[in-house]
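A.B. asks: Join these two chains into a complex; the hints should help.
These protein sequences, in sequence, are chains A and B. Under my numbering, the first residue of the first sequence is numbered 1, with each subsequent residue one higher. Under my numbering, the first residue of the second sequence is numbered 1, with each subsequent residue one higher.
One should not assume that every hint holds.
[Claimed, not checked] Stretch by stretch, here's where chain A covers chain B in the computed footprint (C-beta under 8 angstroms, at least three residues):
{"hint": "1", "stretch": "9-20"}
{"hint": "2", "stretch": "26-40"}
{"hint": "3", "stretch": "46-52"}
{"hint": "4", "stretch": "57-63"}
{"hint": "5", "stretch": "73-80"}
{"hint": "6", "stretch": "87-94"}
I should point out that these hints are in silico values taken from the structure, not numbers from a laboratory. Positions of the beta carbon are idealized from the N, C-alpha and C atoms, including for glycine.
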Amino acid sequence: MHLALFIIFAGLCVAGALNLLLQRHPINSALSLIVVMSSLAVLYLLLGAEFLAAAQVIVYSGAIMVLFTFVIMLLNAGKEERTHGSKLAYIAGFPGAAALLGLLTYIFLSHSAAFGHARLGEYLATTGDLSRVLFRDLLLPFEVTSVLILIAILGAVALARREH
Amino acid sequence: MVPIAYYLVLSAVLFSIGVAAFLIKRNIITVFMSIELMLNAVNLAFIAFSRQWSQTTGHLQVNGQIFVFFVMVVAAAEAAVGLAIIIAVFRARNTLNVDQIDLMKL
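Bound-form chain B, shown alone (with noise of 0.2 angstroms):
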């Protein structure tokens, strides 16, 4: 028997170290991979609320199983077009470094 409140806890952890990652790395793959880390918090979060709704209500809910599954089928959606993204970037440009790709910085 585990509090569901771990499972947050948990997802929180997760995605809080997502976003370090994301600020503190400096390969632009790397930085995608963070993208993920955080898009994983968030569907452990959702399915851990999924459980509780279901202890709630009494029967089985199955909306929040729904959500993490449109999550994951737009996360490989964007994993395919950010990957074509940077093997475009990396043609034009020849580096993976995110601070030499600062062309729309002011």
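One chain only, chain A, in its complex shape (with noise of 0.2 angstroms):
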């Protein structure tokens, strides 16, 4: 049952990312990553963090990726045109990422034996366990937090703001 979640979740965030990657037209790399995203939600819960799992959905594929589609909406981008960038880009940025990708896979499954397996069920991390920490132990950087938000919101306020 969950090796069966897993896998269709796991698929789906891959073949959304590989869309977002092969899409010409922003709206439907925005629209694939609400797919990532959304799928990268339910294998939170499969892992027990049920809290997080409602955040990804309302604070990711809710509020950011809203966000990023009323900007690609307000400045009415097109299809994007195929310029060649830098490259350095082409010669060292892809095998790069495959040898990172080649050499964290390894990692992780030759160590497999060590992290163990992950059980349905089990760990549940609740609202209240994940408040009792928040809120005891870590209210300070909570708080600054949210005045990082409030500084962030201002600064978008402003810097969005047409020039009189």
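C.D. replies: Given below as structure tokens:
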């Protein structure tokens, strides 16, 4: 059951990410990124992170991607033209990314036994468990991030405002 | 029962696709979206390691999930500011192609 769900949603994740890479129109890329983020929410739920699964749907595939699609429509972004960027990106970037993927995959799979197996329904982190740590031990960082959000909103308004 | 290593491999795959999209894409909004994809891949790795740490110690550990919470908050702030910068750049240069926004190039 767990393995079947994992394969379905991991496949959706990878397919959505590849679609983001291959589509030429930004709105198609944005919609496939929503697929990736929603499938990741299911994977978080399988790992027992129920609050983060809800937050992933609300914050990422809700708020952030609505912002992205809104900006794409506001700027009326069309298909991207095929211009060739820096040669260095093609020469060093892709082998680098492939080497990173190969190295990480090799390390994770060769130490697979040490990581153990995830069973469905064990170690559920409820909202209560999370908020106990957040509001007891990490209250100051939490409040600092709220100030960060406030400054970011003010900065966004100041940046996007039309000059007079 | 799924090995936690599979979740970590999935996270590595998503991160590498994000890196490739960051390099190959020419539209500034899509480049920004690939950064979001990389952030999501790292979040998945954090949650998988949090689960592994819980299983190693024998009781629930939420430190990794707290990290993901803060990454989400910062990503929301970053998306708001980044998209505002994209709008400002579009107003100034009337293009979204990263090859034409090269004023700071040597």
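A.B. asks: It remains to establish, for every hint, whether it holds in the given structure.
C.D. replies: Evaluated hints:
Counting residues of the stretch 9-20 of chain B whose C-beta sits closer than 8 angstroms to any C-beta of chain A gives 11, which meets the bar of three, so the coverage hint holds. Counting residues of the stretch 26-40 of chain B whose CB lies closer than 8 angstroms to any CB of chain A gives 10, so the stated coverage by that chain holds, three being the minimum. Requiring three or more residues with a Cβ within less than 8 angstroms of a Cβ of chain A, the coverage given for the stretch 46-52 of chain B holds, as 5 such residues are present. Beta-carbon proximity to chain A at under 8 angstroms applies to 3 residues in the stretch 57-63 of chain B; the threshold of 3 is reached and the given coverage holds.
Look at the stretch 73-80 of chain B against chain A: 8 of its residues bring a Cβ nearer than 8 angstroms to a Cβ of that chain, three or more, so the hint holds. Counting residues of the stretch 87-94 of chain B whose C-beta lies closer than 8 angstroms to any C-beta of chain A gives 4; at least three are required, and the coverage claim holds.
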